[in-house]
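Here's the letter readout for the chains.
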Amino acid sequence: TQLLEQSPQFLSIQEGENLTVYCNSSSVFSSLQWYRQEPGEGPVLLVTVVTGGEVKKLKRLTFQFGDARKDSSLHITAAQPGDTGLYLCAGEEGAQKLVFGQGTRLTINP
Amino acid sequence: SQTIHQWPATLVQPVGSPLSLECTVEGTSNPNLYWYRQAAGRGLQLLFYSVGIGQISSEVPQNLSASRPQDRQFILSSKKLLLSDSGFYLCAWTWSRAVSYTFGSGTRLTVV
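Line by line, the protein sequences give chains Z and H. According to our numbering, the first sequence holds residues 1 to 110 in order. According to our numbering, the second sequence holds residues 1 to 112 in order.
By construction, these hints were calculated from the structure, which means they are not laboratory data. Beta carbons: idealized from backbone N, C-alpha and C, even for Gly. One should not assume that every hint holds.
[Unchecked claim] Every beta carbon over 12 Å from chain Z, so not counted as near; a handful from chain H, in silico: (1) V12; (2) P18; (3) G27; (4) R42; (5) E59; (6) Q62; (7) S67; (8) D71; (9) Q73; (10) S77; (11) K80; (12) L82; (13) S84; (14) G106; (15) R108; (16) V111.
[Stated by the list, open to error] Chain Z side only, calculated, beta carbon under 7 Å to chain H, not exhaustive: (17) P43; (18) G101; (19) Q102.
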């Protein structure tokens with residue numbers, strides 16, 4: 001099983017600050033996804049990146065897939081309290097199976 | 001539109017008791033179905049996946065089993081629960097040619 005390492009595991013910042021979450025692996029993935037999860041609920045898909053070097057923007061969120069398709073990052077600009085949650089990256093391992101990172105618990109303080 | 005249902009939302013069971021969690025998908029046919037377990041605030045561990053009726057693949061040796069008696073129904077079971085079976089169980093589905101998952105709302109299982 002391929003492994004995904006997310007960092008940081010916990011992040012607490014003030015409203016208005018910028019932040020970046022990283023997702024790294026020594027393995028190549030055919031695609032990588034980012035999910036956001038609220039307490040007591042299932043994860044919700046934010047984005048899927050497929051091409052090495054791909055950059056996708058979702059309002060204040062910017063997602064990047066590494067050139068070698070081994071790593072990804074999530075950058076949030078001007079964070080808001082509504083961004084608080086658990087962010088999970090997941091790589092496609094094969095046969096439509098995903099392997100998940102351990103998550104980044106993000107807290108945005110007003 | 002497609003929807004996924006999981007129940008119950010919470011469950012408290014004594015050690016040694018049986019378990020049955022059910023997941024159903026509506027609005028699609030022949031979905032890939034998955035059971036994941038999540039430790040508190042952490043990542044997801046794949047337990048079982050199924051690409052069709054009666055086809056179950058197990059990812060982790062454990063005290064649990066899964067069955068798919070109907071196309072859109074996926075059941076997670078145990079004959080005798082252990083304390084270590086406590087966790088947040090999530091069901092998910094995807095189309096066979098897609099990768100992005102849609103998750104159910106999860107079941108919080110506490111074994112006491």
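### Message
Of the numbered hints stated earlier in the document, which are not met by this structure?
### Response
The structure conflicts with hints 4, 5, 14, 15, although it agrees with all the remaining ones.
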